[in-house]
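Sequences are here, hints too, so could you generate the full structure?
If you're matching them up, the sequences are chains A and B in order.
The first sequence stops at residue 655 when you use this note's numbering, and every number in between is there.
The second sequence stops at residue 655 when you use this note's numbering, and every number in between is there.
These are calculated hints, taken from the structure and not from any lab test.
There are no misleading hints in this set.
Since copy identity is lost for identical chains, a pair holds within one copy or between any two.
List time: in silico DSS-like cross-link candidates among lysine-lysine, alpha-carbon distance up to 30 Å:
| no. | residue 1 | residue 2 |
| --- | --- | --- |
| 1 | 189 | 221 |
| 2 | 336 | 175 |
| 3 | 175 | 394 |
| 4 | 603 | 434 |
| 5 | 149 | 336 |
There are 2 protein chains.
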Amino acid sequence: MEGRARVVIENVEPHVREGGPVRRCPGETVHVRADVYADGHDAVRAELLYRPVSRREWFRVPMIPVGDDRWEAVFTVESQEDVEFTLRGWVDRLETQIRDLRRRDAGQVGEIEFRSIAEELRALSVRASADEAGFLQRAAENLEKAAGKAEAELILSRPEILRCAFQYPDPELVKSLEETFKVTVERGKMRFSSWYEFFPRSACLPFSRKGTLQEARLRLKEIARMGFDVVYLPPIHPIGKTCRKGRNNGLLAEAGDPGSPWAIGSELGGHDAVDPQLGTLDDLREFREEAETLGMEVALDLAFQCSPDHPYIRQHPEWFRWRPDGSIQYAENPPKKYEDIVPFNFETPEWRSLWEELRRVVLFWVGQGFRLFRVDNPHTKPFAFWQWLISEVKRQEPDALFLAEAFTRPKVMKKLARVGFCQSYTYFTWRNTKQEIVTYLRELTETEMAEYFQPNFWPNTPDILPEFLQFGGRAAYVIRMVLAATLSSCWGVYGPPFELLVSEAVNGKEEYMDSEKYEIKAWDWDQPGNLRDLIARVNRIRRRNPALQQTRNLRFLECENENLVAYLKTAGENTLLIVVSLDPFRTQTGALHLPLSELGMEKGHPFLLEDLLGGEKVIWYGEWNSVTLDPQELPARLFALRRHLKREQDFDYFA
Amino acid sequence: MEGRARVVIENVEPHVREGGPVRRCPGETVHVRADVYADGHDAVRAELLYRPVSRREWFRVPMIPVGDDRWEAVFTVESQEDVEFTLRGWVDRLETQIRDLRRRDAGQVGEIEFRSIAEELRALSVRASADEAGFLQRAAENLEKAAGKAEAELILSRPEILRCAFQYPDPELVKSLEETFKVTVERGKMRFSSWYEFFPRSACLPFSRKGTLQEARLRLKEIARMGFDVVYLPPIHPIGKTCRKGRNNGLLAEAGDPGSPWAIGSELGGHDAVDPQLGTLDDLREFREEAETLGMEVALDLAFQCSPDHPYIRQHPEWFRWRPDGSIQYAENPPKKYEDIVPFNFETPEWRSLWEELRRVVLFWVGQGFRLFRVDNPHTKPFAFWQWLISEVKRQEPDALFLAEAFTRPKVMKKLARVGFCQSYTYFTWRNTKQEIVTYLRELTETEMAEYFQPNFWPNTPDILPEFLQFGGRAAYVIRMVLAATLSSCWGVYGPPFELLVSEAVNGKEEYMDSEKYEIKAWDWDQPGNLRDLIARVNRIRRRNPALQQTRNLRFLECENENLVAYLKTAGENTLLIVVSLDPFRTQTGALHLPLSELGMEKGHPFLLEDLLGGEKVIWYGEWNSVTLDPQELPARLFALRRHLKREQDFDYFA
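In structure tokens, the structure reads:
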């Protein structure tokens, strides 16, 4: 123990208290804060030390006090390598003495004070470089000869002095935190991605009706044109026959019913096989390569469960639960039953071999060139398993990213993000009113969650056709799309029924009628009124505007109509003002408040807004401005703010 | 690692994150909370384990879920011994199966389900006691023979079954926290104490004018009559002569000026000596014994600083800073100077011997029978030093308590409490308006601070005569006394000038004119209009009402007058409603809201309130009631609430 290091460093942020990473992508900043203080009134210094984990030397950044003993510093993550940081602080006696000299009356200051500071300068020079040591020694000599306070202050005002004091503190007086704090760095896809889900078996050519990966490959160009960069496929493995579900989740399939792709495994193979009806591993590779050529990645579905026909059940009966009559325990959450699915028993004494096999499966697909995984129901498998699995996979493939398909309790959602899922499905699907949206987004962007939980906003999924889409018509689809694609930098749609505005639900439920989960659909891709062009426009706006490529940079604006939600997204010079009507039926008008001075703008000076979605241009002058949104036309505006429109000549732009 | 233990336990409270104790006194409860959850939908169980640190066996308390995956349990601290607690949790398969059986339709339930549960019962019986095992095995047999769901449910409804499941979980599936959480248990004086400060040298008999401990001893009876239980003496050590301060902090003392007692040390001795002008160690012992006979304790002042004449300066020059001219560095905070005081240099390479000597000093006074220490300016000595010192002293004398005299920045105040000071001076002295009082008390009683920071509210000190007392007259004194003595369970006054309403300050400052710090005062103890009887009444009310012996049990009430502050203090059946006017000049009237239903009372039923301070009795019926306070009379009411006055015969009480 070193009793002389008097500084205390506490309450360091960002830091996820109960464990789990602070996540960043290359190019993003980390805004470090801590309480730093000492006893007494002496001058305190603090610095941030950070380094990519493979580097020995630390980068040093001075921290700045911001009041209430809180200090801050910022650094930028340069590359896709984890970073660690720590803090240190000390009481600076030289700085204290210089400060005290300034505070004293000239009459109180004399030779003794000068000699005292000169002693400190010489002590510091011993730790400095040769050049600096010379400078410090000369300063000490001059100080000893100073005629009075004014001259002494002049000598001591040279910035080199405090720079050296900061550079070379007395190591015996420095308090260094023992703890280092980790920043997990993921590739940029974590932060910014646009997902398109479709069932390849429904991508039939009109003349074939087979629905193979080869046919599905022909849809990729259009998906790319719509601006998506991730194509997510539900499970592509052989589907079980025993207890196969029929149409509309019917208990018994009829001949020809294809079954749910999530009932994985048959005599044709399990989690590492491609369903022969879809094609071969080669077909899958070609599908992936074509997607990549078009600038997209393919995400696979990891659904760790089996059909009753899965090879594992014969090969590894120890991984399952068996009932007293020798039958296998299917999945259930009474009174709900899932007879076509058998869960793994993660409480088996043979859990180690089960974990290892599942790792083998993921690494198999990594070996096939896949780096994005949407994980089905991760909240029904142990957290410790995911933590282990994801870290094992990332050790081999740092580019691997895992999206948690969890719609469950808040603390479970957060825990999954903390054990390794770097994107997650969210409650957005059911947040419709302004208050719901604002409250939820504030939690996602302004609390500790923003450090580790990257939301991925989905207006629909094969499991969920929300009520709002059932009754709201086309405008409802546009509303939910614009909200998803601008509130979160990651969004996705279950594509075909979304772009085709499918809205028929099973009575009283939020499930699709005649769900594609249980049958092959022949989509009328070019159905008039489809949303494809609008989707393409929204995704293009996302690509062109860095402000839409982050999630935390959100600021809600005051707006005097509960049916209108307005927010700013800002990244550097790129500022978007987004206004969305939450009413799919009636025209809504409201005044919204723009905090001009915070945007570096002045009241009374005109500024231009251009709606990137509808094309409208408006000029505003003040803080309160009115917006009218007609759902029959477009229930949303994505205004780009041109801030510097302050002189008349700028208006030439309109000519 | 055990991959089968699926439960997660996180975010345990109470727990002071940056280190430091959760403090309790014997008889107080600890309300433990934690997030406990698992993957999936299985039944989760959690329990609290606690024990006094000297005990091997844990006491076990089932935790109760309260929503959002939060669980709670409560235990009571029985004796003055530190307690530790930890948590464990598990997924209970038997409970899950019984729950699922209930959820199933009768038609879905049959022999297989019964046999499956019977298997679990038998597995459980292996871990149970012989009696319980027999019971469980019989239940298993009966279950296997059950005719249907109803009979099975009847068999499984026996409470012994889930009790055994809770008592004997499968150890391989149990997740036990590795961390244990500590509760530091202090004696009751920490929580409830009433302090009276006076300078013994001013307690002169009219005929002697010497001011010795023997004379001061004669004041103890009256201090006890006023209801105080701690007598705190400023330093009683020899006072230095070099640079001794004169009256009103004058730079040079005149002959006969006694100097500030905080300028400790002369050729007559240092921190372990009694100033011969006050008397001897024996006189001090007699003073202490007399106080104890009267039910009071004596608190000494630890002021770790020296006069320029202190023996340490010759014996241990290495503990001080020396200036280049060979003179010693006196205390200063430029432009303020304290020429009569020399600080220790805690950055000395000889810090170890300094720490050890200061420990010796405290243990010397502990050896003399003292267990309460008011520590002067602790925020100007290193936190690490206090942490070490206090733990060292408490190892020898667990009854030792330290009050921090710190009026400094919020984080420093909290840190001192976290390193060992179990009571602290506060900002109360400057919190005068309703909003200031409510905001500050909420921080003290409703945040993490309530776990470790016991405030001690002082309306005045020898250093501070607040403006409010300077201009507010007698009513201001009563207001501040009632607030201090009822908002906090620990309060204190710098006695003589408080009871005698001394209000003359140094011009423009909050300092006493002709401060007793620099001169011997001849107080006119029996001056008419003094506050002694009222102080005695307030302290008597505190002693008789357990609600005033805690600090966290505070609840502010809505009150429609910004000059009136109203709050409830509750402990079991003891409920006080306190209303204080913050206006020392004008009569104030306001309606206040009593949350009757939360108090177990009904609207429309009369209830009696008796003002324990002024004697007034009122009967109220509803939630909103009006109170009028005339500062010329009494600016406060301390109503005892007699809740159960619901029948006419109860009114006999008034007869």
